[in-house]
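A.B. asks: Listed below, chain by chain, are the residues.
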Amino acid sequence: MSTTTKPAKIEISGEQLQESRTLWGDTWRQFRKHKLAMLASAVLIAIVLLVVVGPFLYSGDPEHIDFSFKYSGMTAERPFGADDLGRDLFARIIQGGRVSLLIGVTAMAIAMTVGTLVGLLAGYFSWMDNILMRITDIFLSLPRLPLLLVITLLFREPINSLVADMMSVLPAEMRGNMLAPSEIGIFFMIVSIIGLLGWMPTARLVRGEVLTVKEREYVLAARSLGASSRSIIFRHILPNVLSPVIVAATFSIASAIISESALSFLGLGFPPDFPTWGRILFDGQGHVNKSILLVMWPGLMISLTVLCVNFIGDGLRDALDPRLRK
Amino acid sequence: MTKYIIQRLIIAVPTILIISFIVFAILELSPSDPVGQLPLTIPPEVREQIREALGVNDPFMIKYVKWLRQFLINEPLNILENATGMTFGDSEGRLRYISWQTRSPIVDLIGQRWGQTFLVVGSAYVLGIMIAIPIGVISAYKQYSLFDQVGTFFAMVGFSVPTFFTGLMFIVFFSVKLKWFPSIYDTTLQVSFNDFDSIVTQFKQMVMPMTVLGLFYMAQISRFTRSAMLDNLHQDYIRTARSKGLNERKVVLGHALRNSLIPVVTLITLGIPGIFQGAVITEQIFRINGLGQLLIIAIQGGDLPTVQSLTFIFAVLIVVFNIVADVLYALLDPRVAYN
Numbered sequence: 000m001s002t003t004t005k006p007a008k009i010e011i012s013g014e015q016l017q018e019s020r021t022l023w024g025d026t027w028r029q030f031r032k033h034k035l036a037m038l039a040s041a042v043l044i045a046i047v048l049l050v051v052v053g054p055f056l057y058s059g060d061p062e063h064i065d066f067s068f069k070y071s072g073m074t075a076e077r078p079f080g081a082d083d084l085g086r087d088l089f090a091r092i093i094q095g096g097r098v099s100l101l102i103g104v105t106a107m108a109i110a111m112t113v114g115t116l117v118g119l120l121a122g123y124f125s126w127m128d129n130i131l132m133r134i135t136d137i138f139l140s141l142p143r144l145p146l147l148l149v150i151t152l153l154f155r156e157p158i159n160s161l162v163a164d165m166m167s168v169l170p171a172e173m174r175g176n177m178l179a180p181s182e183i184g185i186f187f188m189i190v191s192i193i194g195l196l197g198w199m200p201t202a203r204l205v206r207g208e209v210l211t212v213k214e215r216e217y218v219l220a221a222r223s224l225g226a227s228s229r230s231i232i233f234r235h236i237l238p239n240v241l242s243p244v245i246v247a248a249t250f251s252i253a254s255a256i257i258s259e260s261a262l263s264f265l266g267l268g269f270p271p272d273f274p275t276w277g278r279i280l281f282d283g284q285g286h287v288n289k290s291i292l293l294v295m296w297p298g299l300m301i302s303l304t305v306l307c308v309n310f311i312g313d314g315l316r317d318a319l320d321p322r323l324r325k
Numbered sequence: 000m001t002k003y004i005i006q007r008l009i010i011a012v013p014t015i016l017i018i019s020f021i022v023f024a025i026l027e028l029s030p031s032d033p034v035g036q037l038p039l040t041i042p043p044e045v046r047e048q049i050r051e052a053l054g055v056n057d058p059f060m061i062k063y064v065k066w067l068r069q070f071l072i073n074e075p076l077n078i079l080e081n082a083t084g085m086t087f088g089d090s091e092g093r094l095r096y097i098s099w100q101t102r103s104p105i106v107d108l109i110g111q112r113w114g115q116t117f118l119v120v121g122s123a124y125v126l127g128i129m130i131a132i133p134i135g136v137i138s139a140y141k142q143y144s145l146f147d148q149v150g151t152f153f154a155m156v157g158f159s160v161p162t163f164f165t166g167l168m169f170i171v172f173f174s175v176k177l178k179w180f181p182s183i184y185d186t187t188l189q190v191s192f193n194d195f196d197s198i199v200t201q202f203k204q205m206v207m208p209m210t211v212l213g214l215f216y217m218a219q220i221s222r223f224t225r226s227a228m229l230d231n232l233h234q235d236y237i238r239t240a241r242s243k244g245l246n247e248r249k250v251v252l253g254h255a256l257r258n259s260l261i262p263v264v265t266l267i268t269l270g271i272p273g274i275f276q277g278a279v280i281t282e283q284i285f286r287i288n289g290l291g292q293l294l295i296i297a298i299q300g301g302d303l304p305t306v307q308s309l310t311f312i313f314a315v316l317i318v319v320f321n322i323v324a325d326v327l328y329a330l331l332d333p334r335v336a337y338n
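Protein sequences appear in the order of chains A and B. Under numbering that gives the first Met the number 0, the first sequence has 207 at position 208, and the numbering climbs by one with no breaks. Under numbering that gives the first Met the number 0, the second sequence has 134 at position 135, and the numbering climbs by one with no breaks.
Hints were generated in silico from the structure; no laboratory data involved. Careful: at least some of the hints might be erroneous.
Cross-link-like lysine-lysine pairs, in silico, DSS-like; alpha carbons within 27 Å at most [as the list claims (entries may be wrong)]:
#1 B/K176 <-> B/K141
#2 A/K32 <-> B/K243
#3 A/K289 <-> B/K249
#4 A/K289 <-> B/K176
#5 A/K289 <-> B/K141
#6 B/K178 <-> B/K203
#7 B/K203 <-> B/K141
#8 B/K249 <-> B/K141
#9 B/K249 <-> A/K34
None of the values given here were measured: they were computed from a predicted structure.
Sequences are here, hints too, so could you generate the full structure?
C.D. replies: Put into structure tokens, the structure is as follows:
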């Protein structure tokens, strides 16, 4: 006969009870200590707000040509000055920022999805490991910038006509509200090339993490309970390898923004009438003698955004590293 | 060790073959037309004959194998002949890979231009390394000091601000406003050591591109050196070295730095092929006619052979320097080769 013991009654008053701590709570507590990262977050939020809400609050038209404002300095009507055609630079910066930031985030999403998936598969299934890692090595050996340039140049036209064909199926009133097919086509092309040339470091990182995590007891426990490979990977392994992915994602936004600006700077990005920060900088460089504002503002915006994103990445890396936590 | 090197070399062969195939396929599948740049007065049937003569209509695999043979056998022999003045085999009848734009052999174009790139970008790289390593070491040794905080902040700035922006700003301030340095790099300048003025002019035109690139490399390498040093400074062997009474200089420079340099050397080696790619933007800003500019001109002019050659050479450089980095790592840290 077995004896059962009654659970002991423990009296805990409200003050003794510690506030429960979560992983993200800890991370946030640690992140707040990184002053530069906090400052960078504030600046980045301001930039994002500016480009997202800006057009609703600011009435300037980025496309309106008015030669009486040609090369205007910073005035009340043109806060950032005006370009060679008298277009409002502030409105152009806001509009360009939308595209530049969207490119950064979308390219990051592509790179992270592919990288995490490849890393998970290579780390978990040992029969795929060798082949997937060889492919990763080959992608790492591809010269990024030259390929980016070559592919954008060569496939610009076919993709434009493809998108135009696809859009012609849509009703006319829907098409009226959308961007021109060349702009949509180039956006998707640039974003996918930057994303598909940037997933390799994440794949390596995730694979390394998966290799250690999959030997842990809780994975063994899940397996012995009959969990399928899919649920082990996505339920038990993925959440535990997420922190390096988050850090890599931050840095990859920065590098995608730089890549797009570099492409535009070389004149191979978006069409001229479609402003992105890189494109405004490229258009402005010929007029540096007349107005320095034309390169200063887009350059500052690119640099400031990338700097903030990088600082946030640094802060997140420290915050997510449990060894640094006190 | 020898076995390790041979292993690495054997893996590199299929990698290079696959990369060459990718580079070839991307350009081959693209809709670029070699006769697109020719005058419109040429009748269509003549156009078709030109295409036929150029081999445009050959099957894909035949074109690939021909291209590969040209690249791996013919062109290296051409370079060897140029360099040594000797003739190998049928030197007159051997094909030369010709640029569509300039109608001259691509090897010659590259030969004319790589020196400019190497001089400007290569020296910027060396300069960046020489400044970055001491900064990284001091930053790590005095972690959280004022020097460290200022240093890491500026490293982050240098790492984040794109070179095309710093380059333009340098031009605006130092050549347009202050008129200290020329904004355009003059490649026709003849530098001779008897002529002091030519040396000064050459130096002046190299200052801005070198500073712009040097700052960028410096930022990258000093951050890396700092974190490598920090990893090592907290190791047990450093405490042992201190406790046996070694002076601080020896502990830091002889023990910690020596071990920290292993990953730094790897990073520097891996960055060398990037010299030629990083040049693309800087050469465009300062109008240096090096390899990066050649690539841009070729891309804009639809000059497929030149683009293919340059992209492939960049890829081969990456593979080669990957091997060099691996071998160096194994030499510096023998534990690697035994695993």
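A.B. asks: Out of the numbered hints, which ones does the structure contradict?
C.D. replies: 1, 2, 3, 5, 7, 9
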